[in-house]
Amino acid sequence: MVKRILVGAHYGFRDWLAQRITAVVMALYTVLFAVAAASVAGSGFEGWRALFASGFMRFATFVFFVALAWHAWIGVRDIFMDYIKPTGLRLALHVLVILVLVGYLGWAALILGRL
Amino acid sequence: MPTMQFKIYRYDPDRDERPRMQDISVEIDAADRKLLDVLVKLKAKDDSIGYRRSCREGVCGSDAMNINGKNGLACLTEVKDLKQPVVLRPLPGLPVIRDLIVDMTQFFKQYHSIRPYLINDEPPPERERLQSPEDREELDGLYECILCACCSTSCPSFWWNPDKYVGPAGLLQAYRFLCDTRDQATSERLDDLDDPYRLFRCHSIMNCVDACPKELNPMAAIGKIKAMMLARTV
Chain A
324 MVKRILVGAH YGFRDWLAQR ITAVVMALYT VLFAVAAASV AGSGFEGWRA LFASGFMRFA
384 TFVFFVALAW HAWIGVRDIF MDYIKPTGLR LALHVLVILV LVGYLGWAAL ILGRL
Chain B
249 MPTMQFKIYR YDPDRDERPR MQDISVEIDA ADRKLLDVLV KLKAKDDSIG YRRSCREGVC
309 GSDAMNINGK NGLACLTEVK DLKQPVVLRP LPGLPVIRDL IVDMTQFFKQ YHSIRPYLIN
369 DEPPPERERL QSPEDREELD GLYECILCAC CSTSCPSFWW NPDKYVGPAG LLQAYRFLCD
429 TRDQATSERL DDLDDPYRLF RCHSIMNCVD ACPKELNPMA AIGKIKAMML ARTV
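Chains as they are written, first to last, in our numbering: chain A, 324 to 438; chain B, 249 to 482.
Only chain A is shown next, with the shape it has when bound in the complex (with noise of 0.2 Å):
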């Protein structure tokens, strides 16, 4: 391949976006698990158990997670695309985060299915 200075991949409005909003969410997250931990508090493990029964609180712990996967995704490849340089190196490493963020990703679901 040609030596050249390669730039122009038109994802990096949306990836800023995206990182912008999966904050936002993990951040409203936090409030929420905050005073929802505080309503549980010396309930026991019966009082978090009812906690995660209820659908909306898996569903926006699922949220949360999802929105963590996608923030670290983005965060990740940024240092990735800093510090290794070797392309192939590269795309071997964010196939490696992708597996692994996915994989932590179908965890969380099952643990929250159980519950």
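Treat the hints with caution; some may be incorrect.
[Unchecked claim] Here are the simulated distance ranges between beta carbons:
hint : chain 1 : residue 1 : chain 2 : residue 2 : range
1    : A       : L416      : B       : D351      : 27 to 37 Å
2    : A       : V389      : B       : G471      : 22 to 32 Å
3    : B       : S435      : A       : G426      : 36 to 46 Å
4    : A       : A350      : B       : G471      : 18 to 28 Å
5    : A       : V389      : B       : I453      : 25 to 35 Å
6    : B       : G471      : A       : V386      : 26 to 36 Å
7    : A       : F403      : B       : I453      : 51 to 61 Å
[Stated by the list, open to error] Here are some of the chain B residues that sit facing chain A, going by a computed Cβ distance under 8 Å:
hint : residue
8    : V327
9    : K328
10   : D329
11   : W408
12   : N409
13   : K412
14   : F425
15   : D442
16   : D443
17   : P444
18   : R446
19   : F448
20   : M477
21   : L478
22   : T481
[Claimed, not checked] Over 12 Å on every C-beta distance to chain B, these chain A residues come out as not near it, computed from the model:
hint : residue
23   : V347
24   : A350
25   : L355
26   : A360
27   : S366
28   : W371
29   : A373
30   : A376
31   : F387
32   : V425
33   : R437
Note that these hints are calculated values from the structure, not bench results. The model shown is predicted, which means the values in this text are computed figures rather than measured ones. By construction, the Cβ of each residue, glycine as well, lies at the ideal position given by its N, Cα and C atoms.
Following the hints, position chain B against chain A.
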């Protein structure tokens, strides 16, 4: 006469194996108000010291250097505010030609990449393309940039990707043409910057704002470019 102590970065790539810091002092008097005044005296004492200078009044941007760890213009830096020994280094992140003189090719390459000129295919009017005073006001805080490179060379994103990231100086100029009502290439300019490297390496750490000797705000300009992209998208 009081003496001023300096530690100056010295490096001639043709002769020196590695850079070194030279300790040197010079006598100053009340007329030496700015750092550049003292550097002129230093040059008279040791004429092997290399640095750029021209207008000596903060207009040409030639004497940008790293002064006590912060980028600035020697001609605008007050001598009385400097802690001694004054440590002078070249602008970080650019190849050193000699001592405090850096190769700014990469910096200007990025500047040229944003097409820093008015693009308007309509035939020009007899005298000039007029703007309303409000539209003209938009250019304030943008056109004053003197391209000294203090901001871009204080930006870690520019250090890591000088070949792909436009840098704060180039992006400030990009917004100067994006907000110019006489320019007709707004969409093409935004397309060109919608790239994970060219614009979105900026993580808003504000080193550029801190370094700018003209007190401009490249980070705000970058934020306005993102706002234009948002307005275009949603």
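Under 8 Å is the threshold here; is the Cβ of B:T481 close enough to any Cβ of chain A for the hint to stand? holds (7 Å)
Is it correct that the beta-carbon of A:S366 has no partner in chain B closer than or equal to 12 Å? Given a closest Cβ separation of 42 Å, the condition holds.
Taking the beta carbons of A:V389 and B:G471, is their distance inside 22 to 32 Å? holds (27 Å)
So, as I understand it, the hint says B:F448 touches chain A; can you test that by seeing if any CB pair is closer than 8 Å? holds (4 Å)
Per the CB criterion, is B:D443 less than 8 Å away from chain A? holds (5 Å)
Can B:P444 be said to touch chain A, with a Cβ gap under 8 Å? Status holds, d = 4 Å.
Is the shortest C-beta separation between B:W408 and chain A less than 8 Å? holds (5 Å)
May I ask you to test the interface hint for B:K328 with respect to chain A, counting a Cβ-Cβ separation under 8 Å as satisfied? violated (39 Å)
Exclusion check [A:A360 not at the chain B interface, CB over 12 Å]: It holds; A:A360 is separated from chain B by about 32 Å at its closest Cβ, greater than 12 Å.
Could you tell me whether the CB distance from A:L416 to B:D351 stays inside 27 to 37 Å? holds (32 Å)
Using Cβ atoms and 12 Å as the threshold, tell me whether A:W371 really stays out of contact range of chain B. holds (37 Å)
When you look at the beta carbon of A:L355, is every beta carbon of chain B farther off than 12 Å? The claim stands: A:L355 keeps its Cβ more than 12 Å from every Cβ of chain B (closest is about 26 Å).
Hint compliance for this structure: hints 7, 8, 9, 10, 14 are broken, all remaining hints hold.
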